[in-house]
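J.: Listed here are the chains, written in short residue letters.
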Amino acid sequence: MTAVAPVAADELELVPELLREYGDATRVALCEYLRPREPRRHLYSLVADYPRRGGRMLRPTLCIAAARAFGGTLEEAVRSAAALELLHNAFLVHDDVEDDSDERRGRPTLHALHGVPVAVNVGDALTVLGLRALIDNGAALGARLALLVLEEAERMARESIEGQAIELGWRRDNAVTLADGDYLEMVLKKTCWYTTIFPLRVGALIGRRRPLEAERFLRFGFFLGAAFQIQDDVLNLAGDPVRYGKELGGDLWEGKRTLMLLHLLRNAAPDERSRLSDFLSEPRRERRAADVAWVRERMDAYGSIAHAQRTAHALAGAARHEGEAVLRDVPGSRDARFIAALPTWVLERR
Amino acid sequence: MTDRIKKPKLDRTDPVRNWSAMFGGAAAAAGGNGALSDVIARSVDLGYRVIDEYVRQGQKAAEQLTGGSADFEAMTGSVQEMSVRMAQYTSDVLGMWFQMMGAAMAAPGAAAWTAPASRAEPARSAPPAAAPVAAEPVRVRVEVASTRPVEVGIDLRPGAGLTPLIVHALRAVDPDKPALTATVVANGEPGVLRLRVRIGDDHPPGVYSGLLLDEASGLPVGALSLRVGSA
Numbered sequence: 001m002t003a004v005a006p007v008a009a010d011e012l013e014l015v016p017e018l019l020r021e022y023g024d025a026t027r028v029a030l031c032e033y034l035r036p037r038e039p040r041r042h043l044y045s046l047v048a049d050y051p052r053r054g055g056r057m058l059r060p061t062l063c064i065a066a067a068r069a070f071g072g073t074l075e076e077a078v079r080s081a082a083a084l085e086l087l088h089n090a091f092l093v094h095d096d097v098e099d100d101s102d103e104r105r106g107r108p109t110l111h112a113l114h115g116v117p118v119a120v121n122v123g124d125a126l127t128v129l130g131l132r133a134l135i136d137n138g139a140a141l142g143a144r145l146a147l148l149v150l151e152e153a154e155r156m157a158r159e160s161i162e163g164q165a166i167e168l169g170w171r172r173d174n175a176v177t178l179a180d181g182d183y184l185e186m187v188l189k190k191t192c193w194y195t196t197i198f199p200l201r202v203g204a205l206i207g208r209r210r211p212l213e214a215e216r217f218l219r220f221g222f223f224l225g226a227a228f229q230i231q232d233d234v235l236n237l238a239g240d241p242v243r244y245g246k247e248l249g250g251d252l253w254e255g256k257r258t259l260m261l262l263h264l265l266r267n268a269a270p271d272e273r274s275r276l277s278d279f280l281s282e283p284r285r286e287r288r289a290a291d292v293a294w295v296r297e298r299m300d301a302y303g304s305i306a307h308a309q310r311t312a313h314a315l316a317g318a319a320r321h322e323g324e325a326v327l328r329d330v331p332g333s334r335d336a337r338f339i340a341a342l343p344t345w346v347l348e349r350r
Numbered sequence: 001m002t003d004r005i006k007k008p009k010l011d012r013t014d015p016v017r018n019w020s021a022m023f024g025g026a027a028a029a030a031g032g033n034g035a036l037s038d039v040i041a042r043s044v045d046l047g048y049r050v051i052d053e054y055v056r057q058g059q060k061a062a063e064q065l066t067g068g069s070a071d072f073e074a075m076t077g078s079v080q081e082m083s084v085r086m087a088q089y090t091s092d093v094l095g096m097w098f099q100m101m102g103a104a105m106a107a108p109g110a111a112a113w114t115a116p117a118s119r120a121e122p123a124r125s126a127p128p129a130a131a132p133v134a135a136e137p138v139r140v141r142v143e144v145a146s147t148r149p150v151e152v153g154i155d156l157r158p159g160a161g162l163t164p165l166i167v168h169a170l171r172a173v174d175p176d177k178p179a180l181t182a183t184v185v186a187n188g189e190p191g192v193l194r195l196r197v198r199i200g201d202d203h204p205p206g207v208y209s210g211l212l213l214d215e216a217s218g219l220p221v222g223a224l225s226l227r228v229g230s231a
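Quick note, the sequences are listed as chains A and B, same order.
Counting in the numbering used here, the first sequence runs from 1 upward without gaps.
Counting in the numbering used here, the second sequence runs from 1 upward without gaps.
Just so you know, these hints were derived from the structure itself, not from any lab.
All C-beta atoms, glycine included, are put in the ideal place defined by N, C-alpha and C.
Check before you lean on any hint, since a few could be wrong.
Unchecked claim - Calculated lysine to aspartate or glutamate pairs in the EDC-like style (CA-CA distance at most 20 angstroms, straight line):
id, chain 1, residue 1, chain 2, residue 2
1, A, K256, A, D232
2, A, K256, A, E162
3, B, K60, A, E286
4, A, K256, A, E154
5, B, K60, A, E213
6, A, K256, A, E282
7, B, K60, A, D232
8, B, K177, B, E151
9, A, K256, A, E286
10, A, K256, A, D182
11, A, K256, A, E272
12, B, K60, A, E162
13, A, K256, A, D95
14, B, K60, A, E272
15, B, K177, B, E63
As the list claims (entries may be wrong) - Short, incomplete list of chain B residues facing chain A, as computed with Cβ under 8 angstroms:
id, residue
16, V39
17, S43
18, V44
19, L46
20, G47
21, R49
22, V50
23, Q57
24, V185
25, A216
26, L219
Input sequences plus hints: build the corresponding full structure.
T.: As structure tokens, this is what we get:
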């Protein structure tokens, strides 16, 4: 099953190559912000916990690649990339509290280890460190460009918070009549802005050194980010537990409104829908493993996972199409080829 | 010098909505399953509806932010969102902006110009006369229609005003105060930048500031501020 035009194998190999290369450069920049200092035990050693657990470094790599593709340098982009990674980790810490998640990158979540108050404070610290990195941009980019990057970061943070609010609201209100379009709107805000749109826009801003058109990268970033998120949701149910790094089925335990869940809610028989609604109305800690297994089995029975996979493929196909448009005037380079290969790569993840 | 390698230009200039046709080949390769093709077409269609609506809402919000001023409507879409947000936060970043402008003004031949406080004639008046802002060749004329004293401040980068400019709405630090609108008057007089501001009798006193941008590039080239006194 594919709606995505094939990409040459060596193009796909570029993706892990640049993820490693630019990821390492970002980690070096991160060291400056994560250095041990006091209060170490209650704050700074914990602040460094999530960033040091690894991760693909997709967002910072995309930011640096976009900057280079549009004429900038790694040195000019690396602080923005580091800021993005710090903000990403801040979001993860707070998301884990809000979702009451048990695992992150193969280990217990921060709040599971140290309690909610400490974890929330660590998330706040990561946000402030990200802000510091954005301010430090002034040295390499000049005040005007650094301010424009800061503006983009504010927009990205606001969109992400709004997306998270929508999703939390659905769970609090036990929303069970959502359409796929509702899900995509939420994903646009919650995932796409900080995973793809912001890195692309900031990278291009740094590379071109002038303000971007209002809609630049919105479509490409949206389709790429949505395909990425849906594939992530699929992996949460059907991925390799070691490579995925989070608890398999965690989204079911959390009652997360994924495409699969919305598909099941639409297609299940009335009695099944009623049982599903009751399950979703329960607090996470009161949900039972047998019910989670039942939901997972119904998803297989109704083809909900296949539906999500098809949707991810379709959106990745649109992303490839939009990618051609945004890269049309960009000189051919390793970085441009990396960006072009991403829609295929997001579906190849296991 | 090597030739730059460019991707071939796409035929289309707008998003393609005929998704069934676009991915027909891929869907067929997936087994020619009509239902599968439908899912793909529907998903992409839905995706475009979501993102297009998002863009539309953003444009609407941008228009509301500027109060639908004529100047904004004349702006090109290329600088729209960034410019609008720059205007929104002008108050917040003014210190930083003037710091940058200070560096620019330190260049030889550049000089900031600030008109002295003046009490305008009742009804329409044009208090501050033309004044040089750079060694050559741009002169600035700000026409203020007000029944109250108004102090005008303008900072321009060297050479600003040689190309067409746009002016953002002038906003106060207090978000509850309505913005003032300055317009660039095209008078065909070479080397003269002519700005016009009308201040209503009921407009709250205070300091109002806005950016001047180069119309073509969208880059800030200066700032205009007005201190509106009490009656």
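J.: Each hint should be assessed against the structure and marked as holding or not.
T.: Comparing the hints with the structure gives:
no., hint, verdict
1, A:K256 with A:D232, "holds, 13 angstroms"
2, A:K256 with A:E162, "holds, 16 angstroms"
3, B:K60 with A:E286, "violated, 44 angstroms"
4, A:K256 with A:E154, "violated, 26 angstroms"
5, B:K60 with A:E213, "holds, 16 angstroms"
6, A:K256 with A:E282, "holds, 12 angstroms"
7, B:K60 with A:D232, "violated, 33 angstroms"
8, B:K177 with B:E151, "holds, 18 angstroms"
9, A:K256 with A:E286, "holds, 15 angstroms"
10, A:K256 with A:D182, "holds, 13 angstroms"
11, A:K256 with A:E272, "holds, 18 angstroms"
12, B:K60 with A:E162, "holds, 18 angstroms"
13, A:K256 with A:D95, "holds, 12 angstroms"
14, B:K60 with A:E272, "violated, 42 angstroms"
15, B:K177 with B:E63, "holds, 18 angstroms"
16, V39, "holds, 5 angstroms"
17, S43, "holds, 4 angstroms"
18, V44, "holds, 5 angstroms"
19, L46, "holds, 6 angstroms"
20, G47, "holds, 5 angstroms"
21, R49, "holds, 7 angstroms"
22, V50, "holds, 5 angstroms"
23, Q57, "violated, 10 angstroms"
24, V185, "violated, 25 angstroms"
25, A216, "violated, 11 angstroms"
26, L219, "holds, 6 angstroms"
The structure shown violates the earlier hints numbered 3, 4, 7, 14, 23, 24, 25.
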